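The listed protein sequences correspond, in order, to chains A and B. Here my numbering is used: the first residue of the first sequence is 33, the next is one more, and so on. Here my numbering is used: the first residue of the second sequence is 2, the next is one more, and so on.
If you're looking for bench data, these hints aren't it; they were derived computationally from the structure. Note that the structure is a prediction, hence the values are computed from the model and not measured. The C-beta atom is built at its ideal place from N, Cα and C for all residues, glycine as well.
Which stretches of chain B does chain A cover? Using the computed rule of at least three CB atoms under 8 Å from a CB of chain A, they are:
id, region
1, 63 to 69
2, 129 to 141
3, 159 to 173
4, 183 to 191
Every beta carbon over 12 Å from chain A, so not counted as near; a handful from chain B, in silico:
id, residue
5, Ala-14
6, Glu-72
7, Ser-76
8, Gly-80
9, Arg-87
10, Ala-97
11, Leu-110
12, Asn-117
13, Ser-126
14, Ser-153
15, Leu-155
To spell it out: a stretch of chain A is covered by chain B in this simulated footprint if at least three of its residues, at any positions, have a beta carbon under 8 Å from a beta carbon of chain B; those stretches are:
id, region
16, 415 to 429
17, 438 to 452
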Amino acid sequence: MVALDDLAPIFQLTVREDALAGGLTVSHRGKTIVLTPDQGLASVNGRLISLSVPPVRDGKRWLVPIQFVTRAIAPIYESRIELRPASRLLIVGDLRVPRVVVRHELLGSQARVTIEMTPAAPATVTQEPGRLLVKLDADAIDASVQPFTSQDIVQSIRTADTTVTLDLGPRFGSFRSSTLASEAGGGRVVVDVLAAPEAGPAQPAPSTQPRPEAPPPVVTAPPGMRTIVIDPGHGGQDAGVHGASGTLEKDVTISVARRVKAAIEGRIGLRVLLTRNGDQAVAPDDRASVANNNKADLFLSLHANASLQHQLKGAEVFYLDADSYGEEPKKLPPAGAGERLPVVGGGTREIELIPWELAQTRYVEQSGLLARDIEEQMRGRVLLAPLPIEQAPLRALVGASMPAVLVEMGFLSNPEQEQQLASSDYQNTIAQALVDAIVHFRDDLERARAGLAYQTSAAGRRPRLPER
Amino acid sequence: MSRASVVGGVLVAIVAAAAAWILFVGLPRWYEPRAQAPGAQPSALPAEAMRKIKASLFYVSEDGLRLAPFEREVSFGEGTVEQARRLVEAQLETPAPPLTSAVPAGTRLRALYVSNNGDAYVDLSRDAQSGHPGGALNEILTVYTIVLALTSNLPAIGGVQILVDGHEVDTLAGHVDLRRPLPKSTRWVEAAKGGPAAPTGEAPRAPQGP
Chain A
33 MVALDDLAPI FQLTVREDAL AGGLTVSHRG KTIVLTPDQG LASVNGRLIS LSVPPVRDGK
93 RWLVPIQFVT RAIAPIYESR IELRPASRLL IVGDLRVPRV VVRHELLGSQ ARVTIEMTPA
153 APATVTQEPG RLLVKLDADA IDASVQPFTS QDIVQSIRTA DTTVTLDLGP RFGSFRSSTL
213 ASEAGGGRVV VDVLAAPEAG PAQPAPSTQP RPEAPPPVVT APPGMRTIVI DPGHGGQDAG
273 VHGASGTLEK DVTISVARRV KAAIEGRIGL RVLLTRNGDQ AVAPDDRASV ANNNKADLFL
333 SLHANASLQH QLKGAEVFYL DADSYGEEPK KLPPAGAGER LPVVGGGTRE IELIPWELAQ
393 TRYVEQSGLL ARDIEEQMRG RVLLAPLPIE QAPLRALVGA SMPAVLVEMG FLSNPEQEQQ
453 LASSDYQNTI AQALVDAIVH FRDDLERARA GLAYQTSAAG RRPRLPER
Chain B
2 MSRASVVGGV LVAIVAAAAA WILFVGLPRW YEPRAQAPGA QPSALPAEAM RKIKASLFYV
62 SEDGLRLAPF EREVSFGEGT VEQARRLVEA QLETPAPPLT SAVPAGTRLR ALYVSNNGDA
122 YVDLSRDAQS GHPGGALNEI LTVYTIVLAL TSNLPAIGGV QILVDGHEVD TLAGHVDLRR
182 PLPKSTRWVE AAKGGPAAPT GEAPRAPQGP
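So here's chain B without its partners, still in its complex pose:
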């Protein structure tokens, strides 16, 4: 056997192996849904960072009176606390127009705790108060944006208390009582339009985020 034919044989073998990998491993993986439900089989760390869950995030409804739920992909977090953190962080991101968030722009999540009885304590940066434009309705929608982002996505969380800058607060802008955890309230969620659609219906006017 000449040296060249040995090299050629090895090359053919490598190409064949690569083709087989693409055919039997790569392509099926490519066609797999990208978002995986939490609790799916554990995978390597880079894949973990890519994992997403589908969740409802809340923005001011068109008429301004309620919060409208939109289905979004939120990065997967291991366990309730970590997932809660990811949900609030996603909710705090400034949405693309025409969506409007009732939470003042620039508000950051400082910390998040979950008590044994299922109450989440969401510690927001000072901006939640200092950047608040006021008005009872506005403030109600701000508070319930956070309450609903957690309680409607995580059944383990029964109530939410908002803290500001590490401290308990009376209110954000003088109206909504924040001195104890607020339970989930669907009162402030916009009624589904047109028939018995799921509360987290498709969002036709929402641009698809990355």
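Chain A extracted, bound-state conformation:
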């Protein structure tokens, strides 16, 4: 638990206790969090969030769970807030603070020091008398050095600011270093420190190690898009479509979802969450809630199709048909336009009242844009159905409070497509197309945002989508 009084100066919060209503109002630049003592729910700028522990009074101070920072303050704060409980770090603003793990191992007459970074940061290795410096280009590093026994090549390893220092021992001869990007968006610097030849002219044997290939370009995570939720359709008892040769829709969807996750994390370094990680049933509401509760910027539901006309082939992208929900969505206020409602204890407060189950109706336009990006990226790589973009009242999408689409990757009712859908080639191709589409969609949003000049992007602040 942390005291609200301690958080207030850090985040420029105004804390006001409402004696009449018994509640607490925490505000920051016109945005408000309303807390009720002994209740695990708080209203953040009109949206309800849950807290693991309700706020409690301790004498004159109010204590809130540390989670309050990420769940309640972060949504109303203009800079990115990241909490790393393990390293007791709270990162505010768009700072590059990679997690760094330094390992040391002794390989015969050489010491290998591996510096793992998540996400990757450019590194330079320089030699100074008695030591090697690995400088990481980041605002700070969140480093841990795994303990090792000191020896006479590398005696100790220290970290300070953004530099990892290797203190060299008397047997130091030479070093070589290489940098490579790892699969999950991280990077790695390997420093091989070689012992000086004991005697004779023996040159260090030419390395038999294959040179690491040029690292693939690592695209930095875009401002404005941080979390993607992928929903592998069906699961558990609900196998979805059964192909004639036994392929089950639920197996295809989880397999592609995992490929997309790996590819996104490797290439664009975004956080990717799956609505199910194994073969289990997921309740319809829980699929969108995973995305809503994690403030995902994009929701992608994966499915495989079926038709009674077995010749029908091709992938389709669906987004919500808001017209199927009648007049109700049209009466909702536009995103961002809250209503001023009187609150207990006097005064008014801006509140957005959106039925949970209609959340998607306000993102239909963006979802359509995402659908077109996906169609564009799939075209030429996989067969598309004759009408590749469709709109329907889909249960999986309607509750999602962010751009959301459902991709039908092909028809399991067509024998040829069933074989494709079960193959890793086809699954990889689809996954790759989806990742490329996400990158395009992000760029589309950036352009739209630039055109809007909605909020200036000052250093350390991330512009927000007008919809959020």
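For chain A, the structure is supplied; the task is to place chain B on it using the hints.
This is chain B only, laid out in the frame that chain A set:
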């Protein structure tokens, strides 16, 4: 007058009366169109059972992407609810090949209600869910088969909510949101081929049912 001539006279009279009835009543009735529009003059009960209306029923289009409307005769029902029931029952019948229904075979209508604001609640047997082969497109066509069978034939019905086994359901097979009545949507009706034909055009490839 002999007894025989009396009998003969009566016979002649009967034959003449019968001929007159056939000529003036029977034949015109024979040539009358069999199907009568709803709201035609009330007639005796056996005739009532024979009365038909012309209605559009919906089957999977040849390309599988949409629903194709076919004009069919459906038995007449007195009032919106009864007519709605007859329409759904006709729609649930397994069509003769090559037509394919998107509704799983064996699905029965358990009950049908119409609310005051014109939403129909169609309670289908469990087969609608258990017999569903899945797939979003398939499921969309299943749902809109029922929605369109009612909304395109009965102007009084504005929306349709499908129930299964007496209960509200989330979906039939995981895709289409069935938690509230769905309004008529022509999005899923196949575009008329060749010119501005009526949406319920003739069905050349459909065999004429009884």
